[in-house]
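Number of protein chains: 2
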Amino acid sequence: MSNNGPVQWIWPFIFLLLLLLAAINNSAAQQLKWQEVAPGIYKATVGVPDKIDLRSAAGAEANMHGLQDIGEEPFPLVKMDITAKVVDHQTYLHFPLDKKEQLFGFGLNFKTVNQRGRIMQLHVDNYAGADDGHTHAPTPFYVSSNGYGVFVNVARYIKIYAGTAVEKDSKHPPVIYDRNLDKKWSPRPYSDGVDMLVPASGGVIYVIAGPTTLDVVRRFNLFNGGGPIPPRWGLGFTQRVQRLYNADQVAKEAADFESKGYPLDFIGLEPGWQSKSYPCTLQWDSTRFAHPAAFAESMLKKGVRLNLWTNPYISPESPIYKAIKPFTGTHTVWNGVVPDLTMKAARDIFFGYLKQHQVAIGVSGFKFDEVDGGDQYLWPDVATFPSGTSGEQMRQIYGLLIQRYSTEMFHQLNRRTYGLVRASNGGGVRFPYVIYNDYYDHRDFITALINSGFAGVLWTPEVRASKTAEEWLRRFQSNIFSPLAMINAWSSGTKPWTFPEVADQIKQLAELRMRMMPYWYASFALYHFKGIPPFRAMNLEPGFSSTLKLEKTAQNLEENPYEEAKAKEIKDQYLAGPNLLVAPIFTGQTSRKVILPKGNWYDFYTGAYVGNGEIIQVTPGLDKIPVYVRDGGIIPMMPAMLHAPGGDQKVDLEIRYYGTKPGSFQLYDDDGLSYDYEKGAYSWRTITVVKNAKGILEGKISAPVSGKPNTLGKITWKWMTAQQ
Amino acid sequence: MSNNGPVQWIWPFIFLLLLLLAAINNSAAQQLKWQEVAPGIYKATVGVPDKIDLRSAAGAEANMHGLQDIGEEPFPLVKMDITAKVVDHQTYLHFPLDKKEQLFGFGLNFKTVNQRGRIMQLHVDNYAGADDGHTHAPTPFYVSSNGYGVFVNVARYIKIYAGTAVEKDSKHPPVIYDRNLDKKWSPRPYSDGVDMLVPASGGVIYVIAGPTTLDVVRRFNLFNGGGPIPPRWGLGFTQRVQRLYNADQVAKEAADFESKGYPLDFIGLEPGWQSKSYPCTLQWDSTRFAHPAAFAESMLKKGVRLNLWTNPYISPESPIYKAIKPFTGTHTVWNGVVPDLTMKAARDIFFGYLKQHQVAIGVSGFKFDEVDGGDQYLWPDVATFPSGTSGEQMRQIYGLLIQRYSTEMFHQLNRRTYGLVRASNGGGVRFPYVIYNDYYDHRDFITALINSGFAGVLWTPEVRASKTAEEWLRRFQSNIFSPLAMINAWSSGTKPWTFPEVADQIKQLAELRMRMMPYWYASFALYHFKGIPPFRAMNLEPGFSSTLKLEKTAQNLEENPYEEAKAKEIKDQYLAGPNLLVAPIFTGQTSRKVILPKGNWYDFYTGAYVGNGEIIQVTPGLDKIPVYVRDGGIIPMMPAMLHAPGGDQKVDLEIRYYGTKPGSFQLYDDDGLSYDYEKGAYSWRTITVVKNAKGILEGKISAPVSGKPNTLGKITWKWMTAQQ
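Those protein sequences? They're chains A and B, same order as listed.
full-length UniProt numbering puts the first sequence at residues 1 to 724.
full-length UniProt numbering puts the second sequence at residues 1 to 724.
Worth flagging that the hints you see were computed from the coordinates, not collected in a lab.
Fair warning: there could be bad hints in the mix.
Unchecked claim - A short, non-exhaustive set of chain B residues, derived as facing chain A with CB atoms under 10 Å:
{"hint": "1", "residue": "Gln90"}
{"hint": "2", "residue": "His94"}
{"hint": "3", "residue": "Ala200"}
{"hint": "4", "residue": "Tyr377"}
{"hint": "5", "residue": "Glu564"}
Claimed, not checked - No farther apart than 27 Å at their CA atoms in a straight line, the calculated lysine-lysine pairs in the DSSO-like style are these:
{"hint": "6", "chain 1": "A", "residue 1": "Lys325", "chain 2": "B", "residue 2": "Lys184"}
{"hint": "7", "chain 1": "B", "residue 1": "Lys302", "chain 2": "B", "residue 2": "Lys714"}
{"hint": "8", "chain 1": "B", "residue 1": "Lys111", "chain 2": "B", "residue 2": "Lys100"}
{"hint": "9", "chain 1": "B", "residue 1": "Lys51", "chain 2": "A", "residue 2": "Lys168"}
{"hint": "10", "chain 1": "B", "residue 1": "Lys111", "chain 2": "B", "residue 2": "Lys598"}
{"hint": "11", "chain 1": "A", "residue 1": "Lys85", "chain 2": "B", "residue 2": "Lys325"}
{"hint": "12", "chain 1": "A", "residue 1": "Lys566", "chain 2": "A", "residue 2": "Lys183"}
{"hint": "13", "chain 1": "A", "residue 1": "Lys325", "chain 2": "B", "residue 2": "Lys85"}
{"hint": "14", "chain 1": "A", "residue 1": "Lys322", "chain 2": "B", "residue 2": "Lys171"}
{"hint": "15", "chain 1": "B", "residue 1": "Lys549", "chain 2": "B", "residue 2": "Lys99"}
{"hint": "16", "chain 1": "B", "residue 1": "Lys168", "chain 2": "A", "residue 2": "Lys344"}
{"hint": "17", "chain 1": "A", "residue 1": "Lys111", "chain 2": "B", "residue 2": "Lys111"}
{"hint": "18", "chain 1": "A", "residue 1": "Lys168", "chain 2": "B", "residue 2": "Lys325"}
{"hint": "19", "chain 1": "B", "residue 1": "Lys322", "chain 2": "A", "residue 2": "Lys168"}
{"hint": "20", "chain 1": "B", "residue 1": "Lys552", "chain 2": "B", "residue 2": "Lys568"}
{"hint": "21", "chain 1": "B", "residue 1": "Lys552", "chain 2": "A", "residue 2": "Lys467"}
{"hint": "22", "chain 1": "B", "residue 1": "Lys183", "chain 2": "B", "residue 2": "Lys566"}
{"hint": "23", "chain 1": "B", "residue 1": "Lys168", "chain 2": "A", "residue 2": "Lys325"}
{"hint": "24", "chain 1": "B", "residue 1": "Lys467", "chain 2": "A", "residue 2": "Lys552"}
{"hint": "25", "chain 1": "A", "residue 1": "Lys325", "chain 2": "A", "residue 2": "Lys301"}
The structure displayed is predicted, hence computed values, not measured ones.
Beta carbons are placed, not taken as given, at the ideal position from N, Cα and C, and that holds for glycine.
Isolated chain A, as found in the complex:
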C-alpha cells in the first residue's frame, strides 16, 4: 500500500478545488453564458449539473438537418432578464414574462392548456385529477405565445411558478388595489416572471427561439431527435383483450373482428399472458398459452400482431430474478425488484429475456405499465439504485429508459415497434410509444391530446367501457382521430360491437381510421423530419387567436373566499395532421361551438364551406364527429382495409381536395415496417393543386422517385368542394 503514498497528497487539493467550485456556484445570481448549440437553440449551464439528466437518459440527439431547415433565429429574450443562482444545493431560475404573454406546456396536463398562473411540481406520476405537475410526462418545457420556449434538462422534481411570484423590487410591479372597497382587487397580482426551483446543485437550460410558437415546438422536437414514424400497422386499429384470455380466446377475438368486418392490426394481451403478475415473471403462462411461438405465428398469418402488457417489476419466480437482482433498486414494487435500467447489466438481462422469449417469436411491441406512479405503488424517494441514481431521478427517467432500450431492442432487429407506456419526459420525443392511463374523462382526454403536442409525447384517448351507446360512440369518434385507435378491454371485455345500436357507426369509424392511413402516416413523417406534432393545440395555428376570458368561479365569499376567477379557454378542439381541425362531441351534447382560425374552413365529410376566423355552432348528429379542413387542404386516403398494408404492398390512393386555394401535400412513403428509412429508403411525393390557365383547379402528383419505396397503386382524385 505504501506505493500509493506519493500521490495521496493530491486528494485534499482536489477536494479543495471542488469545494471552491461549489462555493462559486453558491454565489448570488449568476450571469449565464449562452451558447447556440443548434439553429435557434441556446444552452446555458448553471452550477454543477447532475450526472444524469433527461436528454442523457433518453439518449436524445438533435436532428441538425431538420433544425437547419427551420433556420437560424436570434436569442429571443433579453439575456439580462434571465437569472440563475445556486443556494444551499438548490437552483433558482427566473425567466421574464410580459403582461399579455400566454404560456403552454409543462407536460401532459389534462385540464388546462394555458399554464400561466399555475404552480406545479413536475413529477412523473399517475395523473390524479389536478394539473399540479404530477403527470405521466411532466416535461420541463414551456412555450410562450411570444414565440420562444424554455427547456430545463434536469431529472428532478422541479417546482414551477408560471407567472405567480411577485418580486418585491420588480421592475414591473402590479397595481395595488384595496380589497376592502375596490372592485378591481384580484387575488392574483400580475407577476413578471416564470420562476423555478430545481432541487439540485445545477442544471442545463435551453432557450428555444421561434419565431412562431409552432417553430418553438418544432425546434424542441427536432432537438430531441424528432417524432417517431410508427409502423403502418401501428396506425390501424388495436384491441386489448380481457386480462385472463387464453390463446384460443384471443384467436377467437381476432376471428370475430375478421368475420364481422372490423379492422384489426394488433391485439394487446394483458397480465394473464404471464405465469404470474404483480410481480411479473415475464414468462408465458403455460396453461393459457401453451405454445406461444406457434400462437404468435398463427396470429401474424391472419394479419394480427401481438402486443404484450408488462410492468418491469420482477418476481422472485421469474427466470431472470437471480441474475438481475444485484442490478435492482433497494425497494420493491408489488414485491418485484426494480431493474436499474441505467446499467447495461440490468438492461442486458431484462431486454435480453424479452428479446429471446417474446420479440424473437414475433411479438410486435409492449405496453409498459406502471412506470409512472402513483407513489403508493412505486419505489419511494428513499430508494436508491446501484448506479447511484436516486429514487427521485429514477422516477423522472424510468419511462424514458424503458422506451429507449425497448426501441433499441426492436431496432437491432430492424423491426419498427409501436407500443404503450405510462411515463415519459423531456428528451423522449423520438420513441414510438403512446401514453395512456387509468383516468377516464373524455373531455380531459382531449385536453391531454392537445397538450401532448407541447410535451413531446403521444397520447391516446383510449376507449375502455361506457355506460351508454352514445358515450361509446362519442369516445370512439375522438379515439380514431388520435395517435392510437384502441379499445382497452383488459377489465371490461368490451368489443367494438358491444353496443349493437351503434355497431355500424363504430365499424364505419374504424374503417375511416384505415382509409385515412396515408394522411396519418404523412403526419407522423412530418413529426419525424420536421418536428410538427401530429396532434396539437389550436394555439400552434398562426391564424388562431385566443384571448383568455376570466370568470369568477363563485360570487359567494363562503365558497370562494379569495374571489378567484377561472380562465375560460379552448381545450376541446385540436389540430390533427397538417390540414384537419377536430372538434369532438361529448356525451350529452348535441351541438357545440367551434372556433375556426383565420382562413376558409370546409366540412371534412361534405366539403362545404363552414366559416373563416369565426365561432360556428354545429349540430352534427350522433354519427359524426365534427372535422374541418383548411382551405387548399389535401387529404390522401386509401381503401378501408382490415389490416394495414406493409412492405411493398401496393395500395390505391384517393386524393381529396378541399377549398378554393392552391394547395400541396407531402406524401411520405417507405416500407412501413423497417428502419430502412434511416438509410434513405423512403420517398416524398408532392401532391399539388394549382389553378390552370383557365383558372380551374387541377391536381397532380410528382413521379415516383427512382430506387425509392413506392407503394402507391391507382390514384384517384376527389374534389370535395365544387371546383370554381
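Based on these hints, arrange chain B on the given structure of chain A.
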C-alpha cells in the same frame, strides 16, 4: 490588506475540514447516538442540521417538571432498527414497524386518523381536501399504537412513507401472491418501516417513549412547553362580524347579544377595521373606526373584548412599510412585503406597531390569517429572506413565529391572549392560538379536532353559514365542544339567532358552553401542566380498542384498477377533557353509532347508564349532541353567565357526578387573565367522590389553598346517577 496575509492560509484548511465532515455525513447508514434529554425522550443528531428548526423557531422549552412526573421510560425501540444516512444533501430516515402497529399523527389531517399506509409531504399549506401532508399544521410527529412516538425537528418539506416502502432485502418480507388468479393479492404489500426523506443535510430526531399512547402525546406536548391556559374569556363565546362593519355596527351587534341573552366574550373584526387590506396597512380605518381607543374601551366596559384579523403582508401605504422593508423577503404576498420574523428588527417594527396601536388600547388578541398557504398566494419557494432563511423553511415556521412573538407581546403586558392562526407546526404546543380554515365540511372538521390532539395544536370547527336550521344547529353543537366556540360571520353576517326555528336551542347550547367553563378551564390546565390534549382521539383512551377494517372501494376494475381497499375507522367521536366522550350528529342523521371504551359510560344530560365497551345506537333528537361521561366522572359547572368571569370574581360551582365508582377531579383556579400563574399564583383543588362507611358515595372538595387564587363561590353537588 497585507496584514491579513498571515491568517489567510488557514481558510483552505477550514474549508477542507468542513468538506471532510460533509463527506463523513455522506457515508452509508449511520449508527445513531441516542441521548436521553428528558424523561422518556431520546435525541439523535443526523448529519449537519439546519441552523433553524421547528423547536428553535417556536422557542420551545421542555416542562421538565411535568416530564419527570410522567417518569422515566427506557428507549422504546430496538436501536439497530432505526437507520439514517445523508446522501447528496438529503437525509434518509428509517424506523421499524410491526405488522399490527397503527400510526397516528403527522399533523392536522382532516379525513383520516390512522396514518399507516399513507404517503405525505409535510408542507404548511391551506388544507385542500386531501390528507397528503399539505395542511395548516403538518407536525412531523407520529404516535404508534405500540406506545412510542417519533418527532423530526426539521423545518423542511419532509416526505413520509408511513408503512408503504418495501425493502428488497427486508427482514420481514411480505407474502407474495399472484394477481392473475389469487384472491389474496393486495396492491399494498406489508411494509415493515416508516421512511422519511428530509431535504436537508441532516436534522435532529427524537424518539419518545410511552408506555401508553397518551403518555407519548403527553411527553411530546410537555417537551414543547405544554399547552396554553387560555384566559377564561377565551373559553366563552365569540362572534366574528361581517368584514366591513363599522364601530356602530359592532356595538349594535354586542348590544343585540346582550338584549337577546346570548353569551358573548369577544368580537372579531375582519379586514374592514384596517384602512386597506390585502395588502394590509395595520392601521385603523378612520371612516369605520374614528376613535378606536374609545371604542375598545366602551366595548370592554360591556364585557366584550376585541380580536383583530390581519395577515402579516404589509402594504406600501402602511406606516411601517418603509421601516420594515429591509427586513422582508424577496417576494410579496398580495403586494405586501413579508416580514422576516426570524429577525429582531422586523419583529420590533411589526409587533411594536401592533402593541402601540392595538394592544395598548385594549385589543385582546389577533386572528393571523394566511400564514399557511396556498401556494398561489404565499411567497414562492424561490423567495429568500434577509436572515438567510429559505422560502421553504419560512413556510414551515411562519405560523410558529407569529404565534410566538405575538404571545410574547401580550406576555410582556402580563395579559393572556387567545387568538386564531392558520398555521402552526411541531414545537408550537404552548401557543394560545386556535387553527381555523376556509374548508367547511362538518365531518372532516371533527376528524381534524381528533387529530389536533396528535399534532400539538388546537382546532376550531367554526360555524360560518348553513343551508338549513338543522345544519346550523348540528354544527353549533360540536362547536361548543371544541377549543373555541365561534361563529365566523365575516362573509355571511350570520348571528346565533339567524335561524329562528332553532334560536332557543342555540342559546341553550351557548349557555351550556358557559356553564361548562370550570370543566374546560381545568381541561386546559391539564394540557398545560400534564400535556393531556383537551380534545383528542379515542385511540388515546386505554379502554378503547379499534381494529381497522378494510373495505374495497369499488369492485369494478374500471373504477378501481388496483383493487384498493379503504380503512373503516373511527373518526367521528372524540374525548373532551378528562371525562367526556362527544359523538356529534351530522346534518341528515337522526341516529348514529357510538363506540364506548371499556368501563361504564353515562349519558351527560340524564346520568343514565348507556353501556360498557360496546357499540350503541343513539337517537338523541335534534336538540342534543350525544355526550357521555365515564364512570366516576366529575364535571364542575358554573351558572350560565353572559360573559366569562375574571380576576377575583367569585362564581358558584355545581359539581356533577356520574356513575358508581369513586372518582376525583383536579379543579384548577387562577385569576383567568394574567400570567401570574407562572409565578405560582394558582391552585388545584381536589374534588373527590368516595364511598362512605355505609357504602354510599359522598363528595368533598379540598380546602382553598392559603394565599392562592380562589374564585369559588357557593358549591353545590348534583348526583346525576342514582346514588347506590
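For each hint, the structure was consulted:
no. : hint                 : result
1   : Gln90                : holds, 8 Å
2   : His94                : holds, 7 Å
3   : Ala200               : holds, 9 Å
4   : Tyr377               : holds, 7 Å
5   : Glu564               : holds, 8 Å
6   : A:Lys325 to B:Lys184 : holds, 25 Å
7   : B:Lys302 to B:Lys714 : holds, 25 Å
8   : B:Lys111 to B:Lys100 : holds, 21 Å
9   : B:Lys51 to A:Lys168  : holds, 25 Å
10  : B:Lys111 to B:Lys598 : holds, 26 Å
11  : A:Lys85 to B:Lys325  : holds, 23 Å
12  : A:Lys566 to A:Lys183 : holds, 17 Å
13  : A:Lys325 to B:Lys85  : holds, 23 Å
14  : A:Lys322 to B:Lys171 : holds, 18 Å
15  : B:Lys549 to B:Lys99  : holds, 15 Å
16  : B:Lys168 to A:Lys344 : holds, 21 Å
17  : A:Lys111 to B:Lys111 : holds, 25 Å
18  : A:Lys168 to B:Lys325 : holds, 9 Å
19  : B:Lys322 to A:Lys168 : holds, 13 Å
20  : B:Lys552 to B:Lys568 : holds, 10 Å
21  : B:Lys552 to A:Lys467 : holds, 22 Å
22  : B:Lys183 to B:Lys566 : holds, 17 Å
23  : B:Lys168 to A:Lys325 : holds, 9 Å
24  : B:Lys467 to A:Lys552 : holds, 22 Å
25  : A:Lys325 to A:Lys301 : violated, 38 Å
Comparing the model with each earlier hint shows a violation of hint 25 alone; every other hint is respected.
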